[in-house]
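Undergrad: Here is how the chains run, residue by residue.
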Amino acid sequence: MSDKSGLTLFLDGEEVPFTRGESIFQVSERHEKEIPTLCYDDRLDAFGGCRLCVVELEGARNPVASCTTKAEAGMRVTTRSGKLEMHRRVLLELVVSENREVDVDELSGYASQEMATLVDRYEARTGRFEGRQSGASRPDDPNPFILRDYDNCISCYRCVRVCAEQEGDYAISIMGRGFDTQITTEFGGILKESACTFCGQCIQTCPTGALGDIKALRHKEIELPIEKTRSICIYCGVGCSVDIMTKGDKIVGILPAMDGPANEGALCVKGQFAFDFVHHPDRLKTPFVRDDQGELVPATWDDALDKAAAGLMAAVNEHGRHSLYAIASGRAPNEAGFMMQKLVRAGLGTSYIDNCSRA
Amino acid sequence: MSNPLRDMEKPDVIFCIGTNMTECHPVAATRLKKAIRNGAKMIVADPRHIGLSDMADINLQLRVGSDAALLLGMAHVIQREGLVDAGFIADRTAEAEAFLEHVKEFTPEWASEICGVDPALIEEAALLYGRAERGAIYYTLGITEHICGVDNVQSLCNLALMTGNIGREGTGINPMRGQNNIQGAGDVGAIPNNYPGFQPVTDPANQAKFAKAWGREVDLELGITKVRALEQAGDQIRAMLIDGENTLVTDPDRKHCEHALKSLDFLVVCDLFLTETAALADVVFPASGFGETDGTQTNTERRVQRLRKAVPPAGESKPDWWIVSQLAQRMGFKGFEYDSAKEVFNELCSLSGTYAGLNWDRIEFGEYQWPVPEDGHPGTPRLHEDSFINGRGIFKMIRYRDPAETIDDDYPVWLTTGRRLESYHSRTQTGRSSGIDYLLPEELLEVHPDDVSAWGIRDGGWVNMSSRRGSVRIRVKATKRSPRGTVFCSFSFNDVPVNVLTGSGYDPVTETAELKVCTVKIEVETETGGVAAD
Amino acid sequence: MTRTNEELISQAKGQEAPLLPLLHQFHERDGYLSEEALRAISAGLRIPLADLFGTVTFYHHFAREPGGQAAARVCTGPVCKMHGADALLTSMPGATGMPCSGRCDEPIPVLRGNQTWVGLAADALERRDTPVPPAAPAGTTECVFAHIRDENRKSLSGYRRSGGYAALEKAVTSMTADELIAVVDASGLAGRGGAGFPTGRKLRAVQEAGGGPKTVVCNADEGEPGCFKDRALMDHDPHAVLEGMALACVATGAPRAFLYLRYEYPETDTLLARAISQAEEAGILGDDVFGSGRTIRIHLRRGAGAYICGEETSLLNSLEGKHPFPRNRPPYPVTHGYEDTPTAVNNVETLASLPPIVLHGADWYRSLGMGEHAGTKVISLSGDIARPGNYEVPLGLPLATLIDDWAGGPRNGNKIQAVTMAGLSGGFLAGDDMDVTLDEPSIRAKGSFLGAGGIMVFDETRDMVAVAHQAMEFFAHESCGKCFPCRIGTQRLTERLAGDAGPGELSSWLDEMADLNATMKATSACGLGMAAPLITESLVRYFPEEVRAHVSGS
Ligand SMILES: Cc1cc2nc3c(=O)[nH]c(=O)nc-3n(C[C@H](O)[C@H](O)[C@H](O)COP(=O)(O)O)c2cc1C
Ligand code: SF4
Ligand code: SF4
Ligand code: SF4
Ligand code: FES
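Residue numbers (this note's numbering), protein chains in the order written: chain P, 3 to 361; chain X, 299 to 832; chain W, 10 to 563.
Looking at chain P on its own, in the form it has when it is part of the complex (with noise of 0.2 Å):
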């Protein structure tokens, strides 16, 4: 980041610019320190609830959350000392003596293996502080994509923020206080009588899995690693970017793209959960073509090649160029629909085509 501003702060000993409205964590985070985090996420207000993120601010009494605190010219902070080290690792003892599990399956969500790797890169899986867990998990929501095992729940408010700040959709929210928070819909009722749009924001900025993706989970016994693969949701104009999960030669699952230009991180119930048609036993698998009988049969290749173009040039040979009609589809590549004009303009001399946009 350029900064024209001439602003500085020392991290942890270094000078280093800045630019106006940064947080420490943002300039600690371009400068590498991996200062962790539970509660963040770079989409949403900073929140400052997990305060895994504090560092020592020379002049303040306390160790401050450096994800709410803005940078100021001069300020010397440590990212590191023994000190911090130990008050972030007693605070994730803490958050493994509130949960079920530590250890969830990676298709539960984009952020799912946050906490597992925090726990594990500070060694505390120590059984130290134990005592009653958090949260009621909601097994009887009966809905077929959000897992909600709030078992496993470390009350970030990560899912009611990406909610409310993301999504707009306010369809979750915080019920009581304390040690006994809970995430809830109005009322403590299931997600589909709620404002909640399946849009699966939460799931995926989930650190622990207590949201999961129940879709993907189906495929967890799939002992093959998950790959990812860049693409573009197939639904709407908008043009998200998702990342495709797959296990061998199977779609398992979709992440939308973080990064992703029209979308940034969000998705929509089409995008993040209507997939599996792909793999649907009614996709057609070998071309067909129409027998004496009047009955489309499978055919091979060459054979149904060599008959449409027959059939089609039939008509052009017997009622002239302008009786082939062609029309595109506004649902498939752009390869197509080039192709498809150039059949009949360089094939035939015509424009006789169009798409589906007028209707």
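Careful, some of the hints might be misleading.
Pairs of lysine to aspartate or glutamate, EDC-like flavour, derived with a Cα cap of 20 Å [to be verified]:
hint	chain 1	residue 1	chain 2	residue 2
1	X	Lys778	W	Glu45
2	W	Lys90	W	Asp349
3	X	Lys308	P	Glu266
4	P	Lys230	X	Glu662
5	W	Lys530	P	Glu87
6	X	Lys332	W	Asp349
7	X	Lys694	X	Glu399
8	X	Lys694	X	Glu395
9	W	Lys530	P	Glu60
10	X	Lys332	P	Asp261
11	P	Lys85	W	Glu521
12	P	Lys309	P	Glu297
13	P	Lys309	X	Glu399
14	X	Lys308	P	Glu60
15	X	Lys778	W	Glu15
Here are some of the chain P residues that sit facing chain W, going by a computed Cβ distance under 10 Å [said to hold, decoys possible]:
hint	residue
16	Asn64
17	Pro65
18	Ala67
19	Thr70
20	Arg91
21	Tyr124
22	Glu132
23	Cys158
24	Tyr172
25	Ser175
26	Met177
27	Thr183
28	Thr187
Please keep in mind that the hints were generated in silico from the structure rather than gathered at the bench. Here a beta-carbon is modelled for each residue, glycine too, at the ideal position from N, C-alpha and C.
Using the hints provided, position chains X and W with the ligands relative to the given structure of chain P.
TA: Relative to chain P, chains X and W with the ligands alone:
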């Protein structure tokens, strides 16, 4: 869209008309919600009380098909109150004087008579938009799918031009394109009037350019639209090649459409599934789809992005471009030897001014929005910043016209159609994705509760809904989202083929179908013993 | 006549900070907050329903079952427990407990709807006025209590008779804001709500901050267990509080002020409402204060049962109808307070000190303290003490003098084992460490603080581990749930003090305790989480034997 999606977080006044954005473009709507959270005000004009209406500051619940009247009334107020941007008008527009004179006739009271919105609300909306620092208009098919679709769009342009709300951050006239690549389909020339890159076929220079590229001269005459082609099926049109469209279900007037396709000598369809349309074909090709093929698509903000292959295609299915190029070769056409989508895309870029600065590798991260006229050009997130493509923005003298059908004693109810969040078009894909049924198990006809009692029907009961073209059986849902006298349903479910009813008329310029309005009558379903059917 | 949803909502919509009053109106009209009521409010005020629901569940006193509003609530604070609150609670079917409700000088308060009853047994409950502060020893000069025992002081006429509103009149007619702030600054007055921030500096920061309209908030949430001083001030000298608020308005240029009153003081609510309207009718408050053309509107807002809403930023969120988590600071309320306007949040006692300071001058106020300590502080003294009550002491007075000379010494002549400081927030002082003077430097030197001035006395008969457990239970009950160290930490400390969980081996037990205390103090997001571990820290420090017995027994 004239402006990038990112700009949707920037207006101080948002005017949404004929767009059910929270359902049809949910991710774009999230940006509007952010603008609202930051203090933007919103005007929503829609016949129904849609999701956006819940967040609006002013709701203009107009009668279906009366948009032009409403917009004239608003223009009148903006003119009368002196809220026009004189500088912008002088520098950037033409025909302003005539237009400002023209709108004097159309008072809010006049508009109210037609569109049914309280004149005071029309005033309020006009003042809000007219005084905006950054006013942005968003619309979708609720504006275009009318016999006066072009007039409607033009009326919106008039508003933006008179207030100078274009060419700046957080402003603009922004059609939200419906399908994932409907923008691209036009960009690549799959339209009867333009070569790739919107180069008119009627221009001899373009004819020469493409003749050189492809070794064949293309007619200087325009092609015909799909609407005409379907009308002429069996007549002049004898064969069709349809790629990835379930024409039968998504086009208006299903009976007419079915008749048209059946009267062809030969029909070839490429699709992922054996759709209702594919079932009529002589040859069906299995296309590979999402996650199975490489390619590119262009979104509503003109951003060109890469689709990537993640898994092997189903069975023997092949990419559409491959199928069509093979077919062309077998039809004896030259120049169809391609090995990859990349080659196809690069040829497109080489022939299209708007994509000229792009190629396959350059769009790796999707950061370009066309026009990208040459190598090294950064792309154009915002159109019309300094000037309009065709020089000046021209005001058009619009007058209100009735829809092709208006309610009468035989068909006393307005039907308007649309989409729902959870399903997409004819559900060939969403309907085959698990779980979606949980959210949206069936299509329901949305009727105002007062109408439900007045018409003697029952919430949850079955009715027959008929238009001059056909009739469907559907279950009723009482909801205040529908205004009195207007009912709504989507065309997503094959067992409620709503497009049997639609198709009353077409816009004379674009030949876009009036899918948003038709008149119907609603009767208690008797055949199956009425409400007992479920 | 009962009013319809529509009437209530449309009336609320025109108001500042409309949510809390509207919720209370529904709560009282229906006897609880029904789903239907919340739906109507959500639609009317355009608050997302899930948010509104979540926010309502945050408050202890909003009932969501029919009849819940009127159901009895019995104070189960530490002092009331000493007086048998648990037994009283079990003897009253349908009653539920509530945290310390600010009546430790005359236990046990029971709230029934909008009435406070007091007594030690269910059949001996009576409605009684808040106790008047016991008379100060001869020779002491008081500031806020100087006239509190005057007859008829509650009424506007009674207040004016003894010089009331003269300071305000002087300020609006013959002083500039700068002059006013200068007097407060020079007086050395510091916040009496807990944090002790210099009041003059706060007022100046608000006055100088950009943007507006500016706002004054009187913090009358008084949720700290063992604190009941603000109640006495408001109940017996309401106009003094209003005048102090008005002076803060003049100093900062604020046209509006809110008084945020804790739920458990319903009679105070009525009394203040009447005082405000009387002052408005008399032209003392309202649109033309003393004919000066200045507007000062005081809005009374009632909380709904949440200790954290006494924390100033949580209070502001509560006023605004948001989820009452504390905000992140900076920015501070002085620049970004109520609806992001520059806001002075001050305690009742702090504000009530302003009129005498303005009338008698800075030097007069400074001289009320002992030695270098400026001014006075009201101490709420309760527990095992002969004469519990509110005492306005000169700062610097030895604790022993207060206990023995002013308040008659320990109850029943027993030996005092420990006292709490700052209500519960300062933890315990015991043994020689009780040898302090009542001022911040002296008490902070012992690792505690004076804070809002609540001191609970525990004699030798008390089980200090049990007392610590009650204290921690309170903090756990009141932890808002925003930040991890406090949300989980108060729970874990409570479990350990109860003997429900934790290592059975002393050194591990102490290790866990030390780590928790350190991390909570260093990393909690607000004062609650930072203060709670002072309880455990001081328990372990002063009562190691008791702790050992507790751990080995559990
Ligand atoms: C958990 C917590 C509870 C508090 N409760 C109160 C309270 O009930 N009354 C109060 O005046 N201040 C309370 N405070 C202190 C306020 O945040 C704030 O400092 C005070 O109102 C400022 O007024 P003063 O400067 O006049 O003391 C509390 C602080 C914390 C951290
Ligand atoms: S799925 Fe989307 S709308 Fe539903 S709760 Fe999660 S973030 Fe909110
Ligand atoms: S469900 Fe997940 S995201 Fe939501 S509060 Fe719990 S841990 Fe955080
Ligand atoms: S310290 Fe406790 S009360 Fe304060 S913000 Fe944290 S959780 Fe809330
Ligand atoms: S990231 Fe800063 S407190 Fe959680």
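Undergrad: Does the structure break any of the earlier hints, and which numbers would those be?
TA: Hint check: 2, 13, 14, 21 fail, others pass.
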